[in-house]
Every structure is written in structure tokens, then in C-alpha cells.
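If you're matching them up, the sequences are chains A and B in order. Mapped onto full-length UniProt numbering, the consecutive letters of the first sequence carry residue numbers 1 to 306. Mapped onto full-length UniProt numbering, the consecutive letters of the second sequence carry residue numbers 1 to 326.
These aren't lab readings, by the way, just hints derived from the structure by calculation. Fair warning: this is a prediction, and the values are worked out from it, not measured in the lab. Treat the hints with care, since some could be wrong.
Estimated spans, in silico, between C-beta atoms of each pair [as the list claims (entries may be wrong)]:
hint	chain 1	residue 1	chain 2	residue 2	range
1	A	241	B	213	33 to 39 Å
2	B	82	A	263	45 to 51 Å
3	B	107	A	183	36 to 42 Å
4	B	26	A	117	33 to 39 Å
5	B	17	A	272	51 to 57 Å
6	B	85	A	71	52 to 58 Å
7	B	183	A	123	56 to 62 Å
8	B	309	A	137	55 to 61 Å
9	B	17	A	89	53 to 59 Å
For every residue, glycine included, the Cβ atom is placed at its ideal position computed from N, Cα and C.
In case you want the letters, here they are:
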Amino acid sequence: MQTALLIEQLLNGLQFGVMLFLMAAGLTLIFGVMGLINLAHGSLYMIGAFACAGVAAATGSFWLGLLASLAAAAAAGAIVEMTIIRRLYGRDHLDQVLATFALILIFSEGTAWLFGSFPLYLDIPPLLQGAVELPGGVRYPIYRLAIIGVGIAAAFGLYLLIARTRLGMRIRAGESDREMIGALGVDIRSLYTVVFALGAALAGLAGAMVGALQSVQVGMGEPVLILAFVIIVIGGIGSIKGAFVGAILVGVTDTMGRILLPALLTAMIGPAKAAGIGAAIASMLIYIVMALILAFRPQGLFAARG
Amino acid sequence: MSRETLLNAGLALLLLVLPLAATALGEPFYVSLATRMAILALAGVGLNLALGFGGLISFGHAAFFGIGGYAAGILAGHALNAEPLLSWPFEFSGSDQMHVVWLVAALASALAALLIGAISLRTSGVYFIMITLAFAQMFYYFAISWPAYGGEDGLSIAIRNGFPGLNTALPMDFFLICYVLLMLALVLSWRIRDSRFGAALQAARQNDVRVAALGIEPFRTRLAAFILSGMITGVAGALYADLNRFVSPSMISWQMSGELIVLIILGGAGRLFGPVVGAMLFVLLEFLLGGLTERWQLFLGVILLGVVLFARGGVIGLLVGRARHG
Numbered sequence: 001m002q003t004a005l006l007i008e009q010l011l012n013g014l015q016f017g018v019m020l021f022l023m024a025a026g027l028t029l030i031f032g033v034m035g036l037i038n039l040a041h042g043s044l045y046m047i048g049a050f051a052c053a054g055v056a057a058a059t060g061s062f063w064l065g066l067l068a069s070l071a072a073a074a075a076a077g078a079i080v081e082m083t084i085i086r087r088l089y090g091r092d093h094l095d096q097v098l099a100t101f102a103l104i105l106i107f108s109e110g111t112a113w114l115f116g117s118f119p120l121y122l123d124i125p126p127l128l129q130g131a132v133e134l135p136g137g138v139r140y141p142i143y144r145l146a147i148i149g150v151g152i153a154a155a156f157g158l159y160l161l162i163a164r165t166r167l168g169m170r171i172r173a174g175e176s177d178r179e180m181i182g183a184l185g186v187d188i189r190s191l192y193t194v195v196f197a198l199g200a201a202l203a204g205l206a207g208a209m210v211g212a213l214q215s216v217q218v219g220m221g222e223p224v225l226i227l228a229f230v231i232i233v234i235g236g237i238g239s240i241k242g243a244f245v246g247a248i249l250v251g252v253t254d255t256m257g258r259i260l261l262p263a264l265l266t267a268m269i270g271p272a273k274a275a276g277i278g279a280a281i282a283s284m285l286i287y288i289v290m291a292l293i294l295a296f297r298p299q300g301l302f303a304a305r306g
Numbered sequence: 001m002s003r004e005t006l007l008n009a010g011l012a013l014l015l016l017v018l019p020l021a022a023t024a025l026g027e028p029f030y031v032s033l034a035t036r037m038a039i040l041a042l043a044g045v046g047l048n049l050a051l052g053f054g055g056l057i058s059f060g061h062a063a064f065f066g067i068g069g070y071a072a073g074i075l076a077g078h079a080l081n082a083e084p085l086l087s088w089p090f091e092f093s094g095s096d097q098m099h100v101v102w103l104v105a106a107l108a109s110a111l112a113a114l115l116i117g118a119i120s121l122r123t124s125g126v127y128f129i130m131i132t133l134a135f136a137q138m139f140y141y142f143a144i145s146w147p148a149y150g151g152e153d154g155l156s157i158a159i160r161n162g163f164p165g166l167n168t169a170l171p172m173d174f175f176l177i178c179y180v181l182l183m184l185a186l187v188l189s190w191r192i193r194d195s196r197f198g199a200a201l202q203a204a205r206q207n208d209v210r211v212a213a214l215g216i217e218p219f220r221t222r223l224a225a226f227i228l229s230g231m232i233t234g235v236a237g238a239l240y241a242d243l244n245r246f247v248s249p250s251m252i253s254w255q256m257s258g259e260l261i262v263l264i265i266l267g268g269a270g271r272l273f274g275p276v277v278g279a280m281l282f283v284l285l286e287f288l289l290g291g292l293t294e295r296w297q298l299f300l301g302v303i304l305l306g307v308v309l310f311a312r313g314g315v316i317g318l319l320v321g322r323a324r325h326g
């Protein structure tokens, strides 16, 4: 196996990982601050992708589409938070699961009604088309590098927001004692709406960026949502740092496993069987990693709440 | 007799009368609708054991449903082609008999539930929900990428598996099998609820520290309940595959797990007949709304949201009041 292929796959894994981080960061933030498990986060991802594809098709500009995806996902998040999610904070997790499951059905079917059941396609903007030569003789698409860049920038921005700003201070305070910061005069209701909209915007951004790599279709969000769950279980619920480490781990493990396992098995049992078995095991790999981590650290790698 | 017992008896009778009347009126389609209700109710009875009584919110019960389905499909396939499935420790070349299929489905589901439960029951709350969901997804991707048994396309069952003394190809005979199994599972579920084991399980849901202080290990009680729950759902999966004469990865999808939870909640979680009402209502909604619009799940979502926000306790809760023990 050539080094060039390995480097390329490693970058693909990294790109997948940062995209997953954008999803997982929102989920873990929402859980950490409001104690809410939000299954409908995948729908916000889908809304971002559809908004980007719709606006890009209408205006011809990917960049306007990207802005639209942020705005649409944040707006959808804020509206849902104010009308429905707000009633769920005091409820048990079962009610939260059911209500947000209902939201998935409503969002998915509503989107299918609006846009039809056929997938939409989104073109990569001209500025980011083509590939660059990396050291080691690897040619790699600029667009995927740009996603990695945006993801890392978003992670850094999130870190600055939470560690260095007044809003971030309130978010951290909300995580440790929500009654107390309410008593200190912080409007906790609008803080919750802001946090939810922020998480939604991150999911929408991820959806829009991935939309140009894959097709944009109803139901695209849930497989990513479940991976994001695996990530925050691995990283520790409520921890942004855990989400970042978990996302990179899952992205790289999944991508490399799909390349390396069949190759490894070919050497052991011959190519005929290896393709099938290798693919089957590779598809289970991240869940096996999750199980192993949980066996040793049930609270995840960076548990935020003891 | 309490109101709930009366309601339960009425429901059991209704589910039996429905297909009988349909047969008398020469509408065999409704028999298969009632069979679907009975099978989903059985799967729900399984989940209710973990979710309703034990408070274990498993978002991964589709794994067991699918394992049961694949057990039916794989055994029938091997029996048809007379290919050996096992050569060691004993010769086994599949089976086209339902009781063998159920046994295999139950054992395979028990094994899967043991593995999933042993890991996920070490955690609780949101972790448990996410981990069970993730493990079910693992089985889903495995079924998709494992080429031997159909992969993404699924597996057809050429002839519905048989049962000694009955002709399972007749809709009514097959319905009766499903109905009897459902009733047996309900009796089992009722006996468990009122047993010492059931008391420990329900107590662990309410306060596991106290249960531990009494000398009962919540982990083992929960694991046993989770395995039993998976087994019942697995048998339901085998019946479901036989009903459709087809099994595919969609039986293991997260939507299936969600639907199983939804039908329990529609009926009333932790109520003996909650899954039965829920399954009847769910299949009826799917049939009525599905006849009106392709996008019937949009309405299901709205109804579900309404039930969660305003009618906690489900249909049974609305009809006979909330359970005495919360």
C-alpha cells in the first residue's frame, strides 16, 4: 500500500472527523447546558443542506447558500426551542426522546413535501474546485481541505467563545448551576434559545458543507446524528474537548478501517472472502471502539460532570 | 375487576374478533392487518418489560427484532437449499419449522442482548439511550455490508415457515399463532410484573440506591430483564419476517427502534396492555392516514408530539387514569 493513498485517506478521515465535530459540539453543548437529548439535531443538519442547495440553485452562488444554511438552521433551531423544546427541559429523558423523534418525523416529511423525494445536488464553488499538490506527491481536493480548515476554525472559535466571552461565561455557569445564574439576573430563557440556535447553526453549517460532497436528501441527518452520539459517548457528555477528540477518533478510525481492514484480511484469508468480511467488520469498527472505551471508562474520555 | 382489567379483556377480545369478522365478510386483507398488530404488539410487550417496568429506555430494540427476522430468513433459506448452516458441534441445516425458528431467534437475541446489555447497563440515563441506539446501528450496518445474506437488498423467504398441525399459508391460521404467542407473552409479562423479580426491577427504576441497600444488585436484575425483553422482541421479529416473507436491514433501522418506543408510549408505558393498544392504534393510523397521503408520518409526528406534551400516560392512561405507582 502506498504512502500517498494512506495520507489521502488520513485526510479524508480528518475531514469526516471535523464535520462530525460540528454536529457533536452542538449536541454536547445542548446537553451540557440544558440537560436535553436532542434527536432532531440531524434534522437541523438536513435543513442546512437543503437551504444551501435551494439558495445556491436560485442565486447561483454557493456562498449565499452557505449563509442561508446558517440562517435557516439557526432560525429553525430558535423557533423549535421557543415553541416545543422549552417545554421539555423539566421532563424526563423518555419524553425528550419521543418529542424530538416526533420532530424528526415532522421535519423529514415536511422537507420531502416541500422539495420532493428526489435528492438535490450542490456544486463545489469555483474558487474551491480542483486539487493541490501536497508534500509527498499527494493530490488532494481543495474543497475537502477547506472543510478541514473551517472545522478547525469553528472548534477554535467555539473555544474562544466559551473560554473568553461573557456569553461563554454564562454558558459555563449554566452548565454548573442553572438556578444560581437565574437568581443572579441572567435571562436563562434567552440564554437557552441562544445556545440552541448556536448548536443548530453548527449543524446547518456541517450539512451545507457536506451537501457539496454528497447528495442532499431527506434522512441524510440521522446516520450522522447517531455517529455524533457515539462521539459524545466516547468523549464524555457535555465536554467540547471530548467531542473534538472523539470526532477525530471516529472519523479517522472509520475511514482508515474501511481501507486497512480489507487489505489486512486479504493477506490472511485471500481476496475473495476478505472484501465481504473486511467491509462488514469495518462498518462495525467504531462501535467496537466505543464499546471498548466504555468498558474501561463508562463516563467517556473527558467526562464533564463527575 | 378493575377498569383496567376490563379494558384489557375487551382489547384482547377485540383483536381476536377483528380478523374473525374480516374472514366472515370475505376481506382477508384485514386479517393480515390484525396479524401485523399482534406481531408489533408482541415486540412492544418485549420492549415494555425493559422500558415500562425497568425504566430502561432502549432505543435499540430493532436490533433484536431484526436478529429474529434474520433468524427466520436464514434458517428457511438453508432448509430450502439443504445447505448445512452448522457442521460443528452438531449438524444443522436450517429449519422451516416455526418453533425451531423461534427458539433460534430467542437464543440469538438473548446473546445479543447479553452483549449489548452488559456494556450499556453500566451506564444510565442519556448514555444508555445513545449506546443502545449506537449498537443497533452497528447491527444495521453489519446486515447491510455482509453480502452472504442479501446485504442491502434483504432476504426473501420463499415459503412461509410451517407449524405442526396448522397451515401457516392461511392468513387465519398464521394470525392465531401470532395471537396465541402474544397472549402467552402478556401472561408472562403479567406474572413477571407481580413477581419478586418484577418488584425488584420496578423498584430499581424508582430508586436503585435503595434497592442496592436491600441487597439486590440492580445491574443483574436489569440485565436479566433486558435479555428477556430482547428475546420476546426477537421472536416477534421472526414472526414479522414470516408475515412479510421478507427480511431486510430496515427491520434493524433506528426508525424501527423509534416506532417500537412510540407504540408503547401511545398505548401507555408500563401498562400491561399498553403495547397492545399502541400497536393497534399505530397500524390503524398507518393504514388510514397512509391511505390518504404518502406523507402520513408527518401526522404521526404531530400526534406523537401532542401525546408527549399533553397526554402523558397514553391511551390507557386517558381511559382509566394514571397508574397508581409512578
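Hints, one by one, checked against the model:
no., hint, verdict
1, A:241 x B:213: 33 to 39 Å, "36 Å, holds"
2, B:82 x A:263: 45 to 51 Å, "36 Å, violated"
3, B:107 x A:183: 36 to 42 Å, "56 Å, violated"
4, B:26 x A:117: 33 to 39 Å, "36 Å, holds"
5, B:17 x A:272: 51 to 57 Å, "56 Å, holds"
6, B:85 x A:71: 52 to 58 Å, "56 Å, holds"
7, B:183 x A:123: 56 to 62 Å, "59 Å, holds"
8, B:309 x A:137: 55 to 61 Å, "59 Å, holds"
9, B:17 x A:89: 53 to 59 Å, "44 Å, violated"
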